[in-house]
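Start from the sequences and build out the full structure, keeping to the hints where you can.
Chains A and B are the protein sequences, given in the same order. Under the working numbering, the residues of the first sequence are numbered 272 to 632, in order. Under the working numbering, the residues of the second sequence are numbered -17 to 118, in order.
Calculated directly from the structure, the hints in this document are not laboratory data.
Every beta carbon over 12 Å from chain A, so not counted as near; a handful from chain B, in silico:
| id | residue |
| --- | --- |
| 1 | -11 |
| 2 | 3 |
| 3 | 31 |
| 4 | 37 |
| 5 | 38 |
| 6 | 88 |
| 7 | 97 |
| 8 | 107 |
| 9 | 112 |
| 10 | 113 |
Simulated restraints, written as ranges between beta carbons of each label pair:
| id | chain 1 | residue 1 | chain 2 | residue 2 | range |
| --- | --- | --- | --- | --- | --- |
| 11 | A | 486 | B | 64 | 42 to 48 Å |
| 12 | B | 64 | A | 474 | 57 to 63 Å |
| 13 | A | 619 | B | 68 | 23 to 29 Å |
Glycine residues also receive a C-beta, built at the ideal position from the N, C-alpha and C atoms.
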Amino acid sequence: MTSLRTLPLRDRYAALGARFGEFAGWDMPLWFTGAIDEHMAVRQKAGVFDITHMGRFRLRGAAAASKLGSLFTRDPARLAAGGSAYGFACNDSGGIIDDLIIYRLGDDDYLVICNAANAATVGGLIEGAISGSGVEMAGLREAGTVLLAVQGPAAVDAVGALLTPGVLSIPRRQCREIELGGVSYLFMRTGYTGEDGFEVLVDADAAGAFFDRLIDSGEALPAGLAARDSLRLEAALALHGHDIDETTTPWEAGLSWAVELDHDFRGRDALVEAKDKTTRRLACLVADAPGVIRGHCDVYDGDQVVGTVTSGGHSPMLGKSIALAYLPRRLAREGVSLSVDLRGRRLPAHTVKRPFYSHPE
Amino acid sequence: MTTDSQIPDDLLYSTEHEWLRVEGGRATVGITDHAQDQLGDIVYIDLPKAGLAVSFMAKFAEIESVKVASEVFAPASGEVVEVNPALEDSPELVNKDPYGEGWLVVLRLTDAAEADKLLSPAAYRELVNKELGEHQ
Chain A
272 MTSLRTLPLR
282 DRYAALGARF
292 GEFAGWDMPL
302 WFTGAIDEHM
312 AVRQKAGVFD
322 ITHMGRFRLR
332 GAAAASKLGS
342 LFTRDPARLA
352 AGGSAYGFAC
362 NDSGGIIDDL
372 IIYRLGDDDY
382 LVICNAANAA
392 TVGGLIEGAI
402 SGSGVEMAGL
412 REAGTVLLAV
422 QGPAAVDAVG
432 ALLTPGVLSI
442 PRRQCREIEL
452 GGVSYLFMRT
462 GYTGEDGFEV
472 LVDADAAGAF
482 FDRLIDSGEA
492 LPAGLAARDS
502 LRLEAALALH
512 GHDIDETTTP
522 WEAGLSWAVE
532 LDHDFRGRDA
542 LVEAKDKTTR
552 RLACLVADAP
562 GVIRGHCDVY
572 DGDQVVGTVT
582 SGGHSPMLGK
592 SIALAYLPRR
602 LAREGVSLSV
612 DLRGRRLPAH
622 TVKRPFYSHP
632 E
Chain B
-17 MTTDSQIPDD
-7 LLYSTEHEWL
3 RVEGGRATVG
13 ITDHAQDQLG
23 DIVYIDLPKA
33 GLAVSFMAKF
43 AEIESVKVAS
53 EVFAPASGEV
63 VEVNPALEDS
73 PELVNKDPYG
83 EGWLVVLRLT
93 DAAEADKLLS
103 PAAYRELVNK
113 ELGEHQ
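Here's what the structure looks like:
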């Protein structure tokens, strides 16, 4: 058995009663008090997740934007300082190697955050692209940084009250580096829950104190990967390795907004070719009877299999099971009655508009 | 590592983490505190209907937690004579009170001698500690 990688703040989580489990080679908190409580805390107030496992690379150099742009569906050169863009690293067929966010920290200074399971692959791609260009690359995950996601309608105010009101003026999807007491924090107003909030990158020493203050303030509940998964599913945010992978294109996943065809990148030609020719699309399903839909369940239209569930689970907000599945285009619209096979039991379900849940404005 | 989950002294236990409370020719069945703790928040329970005949250690119910679907095995042979009606709307009762309000079914026992095949509280505690050790 290979040994799991350990979070710098693991002892704190163990002391809070966390249940741990393996994810992408890391020993991660699955839940603390309970996944549903944590889910609801993020929807109603705030929760804090440790997402230190995620891959992150800082690129500095005059050619950084063009080299990253050659790999990704978004063109980093178009970002203003402090901006971010969600996009993909695609293979030559337009399949998704990983989904990631590029942040522009300053002139010729970028941060890429990608999925934990794909960090080595994405790191290798970037290394290959910048080779000989003079761009410097730093793997921040290996440099002892911690990434904490503080998410929920009260998250931004909580971080502002605890650390600095300076964060309150950071707009959605923007980031800003702020130095506090000699410690550098990167605040990114992004997330993976469908709620407002920050992802905060900071050295491990300062991260522990920040986490403690958040929890002690009572403003945020510690939350684990189980709640992170149910939150992202309710928000219909794709999970790489499940809903998107190298065999699916951004078109099929309904993520065309994250592809800029007017710059050159790996997989662009294939994506141009495939555009408007997709035969399937990622659709949202809601169960019409008790039961829990899980990944890999078959979806039926009458007695015919029309697709397979890529992600499924229980929605605490809807009180029902929800799922994502690739369906033929004719069925991937609102209000289609289907059924899902749960180990021999046929559960009725219907399609809904994406997402399942969004925070009321 | 030793378990801090509750293992009441007056029950019998299966190796699959069910408990059995025998009262005359009937027995109440549920899952243990350790089992619910491992599963995490329970969101749905697929229970049999009254009248179903179950046999020793055959699957008779399914529990879905936020994390996983898990089978429940009958710690005794018999006929299901009662099903906990509260679990349809409140499956979380199994998390909150696994030996009380979170009971699953009542069986009319057909083979009293089967109780000898179940674990005592001490033997069950040993099993749980052993499993926790293996997961370290």
